[in-house]
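Protein chains: 2
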Amino acid sequence: MRVLVTAGPTYEPLDPVRFIGNHSTGKMGYALAEAFAATGAEVTLISGPTNLPDPVSPRIQTQRVETADQMYAAASAVAEAADVWVFAAAVADYKPAHVAENKIKKEGNTLTLELIKNVDIAATLGKTKRPEQFSVGFALETNNEEVNAREKLHRKNFNLVVLNSLRDAGAGFRVDTNKVTLLDAQGEMLIFEVKLKAAVAHDIVQAVLARLPREE
Amino acid sequence: MRVLVTAGPTYEPLDPVRFIGNHSTGKMGYALAEAFAATGAEVTLISGPTNLPDPVSPRIQTQRVETADQMYAAASAVAEAADVWVFAAAVADYKPAHVAENKIKKEGNTLTLELIKNVDIAATLGKTKRPEQFSVGFALETNNEEVNAREKLHRKNFNLVVLNSLRDAGAGFRVDTNKVTLLDAQGEMLIFEVKLKAAVAHDIVQAVLARLPREE
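Top line first, the protein sequences correspond to chains A and B.
When we follow this note's numbering, the leftmost residue of the first sequence carries the number 1241, and every step to the right adds one.
When we follow this note's numbering, the leftmost residue of the second sequence carries the number 1241, and every step to the right adds one.
Treat the hints as calculated values from the structure; they're not laboratory data.
Among the hints, a few may not be true.
Unchecked claim - For each label pair, taking beta carbons as the anchor points, the in silico distance ranges come out as:
hint: 1; chain 1: B; residue 1: HIS1263; chain 2: A; residue 2: ALA1317; range: 21 to 31 Å
hint: 2; chain 1: A; residue 1: ALA1450; chain 2: B; residue 2: THR1352; range: 42 to 52 Å
hint: 3; chain 1: A; residue 1: VAL1434; chain 2: B; residue 2: VAL1339; range: 44 to 54 Å
hint: 4; chain 1: A; residue 1: THR1352; chain 2: B; residue 2: GLU1341; range: 19 to 29 Å
Here the structure is a predicted model, which means the values were calculated and not measured.
C-beta: ideal position from N, C-alpha, C; glycine also.
Hey, can you work out the whole structure from these sequences and the hints?
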């Protein structure tokens, strides 16, 4: 089995020194790469800027990228040959419309930044998904969690969505634990307790394996 | 001797998960804190988000902050009692005018971010500097390096400016080495070679000690 995992944040440059980023640490995506490798899968881990070392498993090939455009290019190159796609990265929705070549000097009391939409990596690849491929997305929501997550599942052609809420203590960014709810395309919902991210990754891998199309 | 050192980037939140940041690692500021502590000084290190552990020296007290406003509050509280100020942090010039309470949903194809100027920590504290206090600033420039650095020295009431150019290989962010030029308020200029940041810190400390007002 071949698995594509994206992980970590993306950084969208404003100029040579500044960027728009987010607080994703990459821990959940790296834990998923490890958990899939532990089942014998060959994993390509495409990671935004994190402080985590490359996983040591010889079954995991790590590629480092910085921006959403770079992550899309790297994911596109391996998606067709992968059986399972796991979009655990926190990809920036927007990027600056213009990247300044030199450091922006502060002049006015205000500054207006024009941002344009980034490519939606999961949705774009989702349009190319074959029936035997399986796609897992993440939804990090602060309000209307379940409704937003179900909408995301259909819009991005996911087979499974991992929902975590910033309102749950012990869930989300910058912590070693997570509390997730899994929603699948058949409408089934699995609610888990707070666990270490490695244990959450194991739960997600088991949920994926149980739902993979059976080979004839 | 008491020394205040600021270090690292600041992160200016857009919403609960996104922020505007910069590529400062904090290494130069932490190296300066260590180098001052090694001369027997008592150092307060005010650090933005970095991956560096707190320095172990008992002479260095580390305070962690996230935003420019938090860094200003922390620096203001110790500046009056400090003999030397070292502004090594890469403070964001601008912050979002509004911080969204919930995660911003992507809707339009473009997004306009209104930014407002952050407090200029060095310039604001510079107005309160007493004749016996000594202030060191940093200038990271990509063009017109020396002119910009001299202008900064006067505007922010620095006694010494450390200039590094992003055009020099081995200088600036995300590397363990630096190549600096020191400009002082008397117009003297010292040009150093590429060195490890610990060695650069030693050079800067020696330049500060040589220029401190003599006690009667």
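Run the structure past the numbered hints and jot down the numbers of the failing ones, going up. 3
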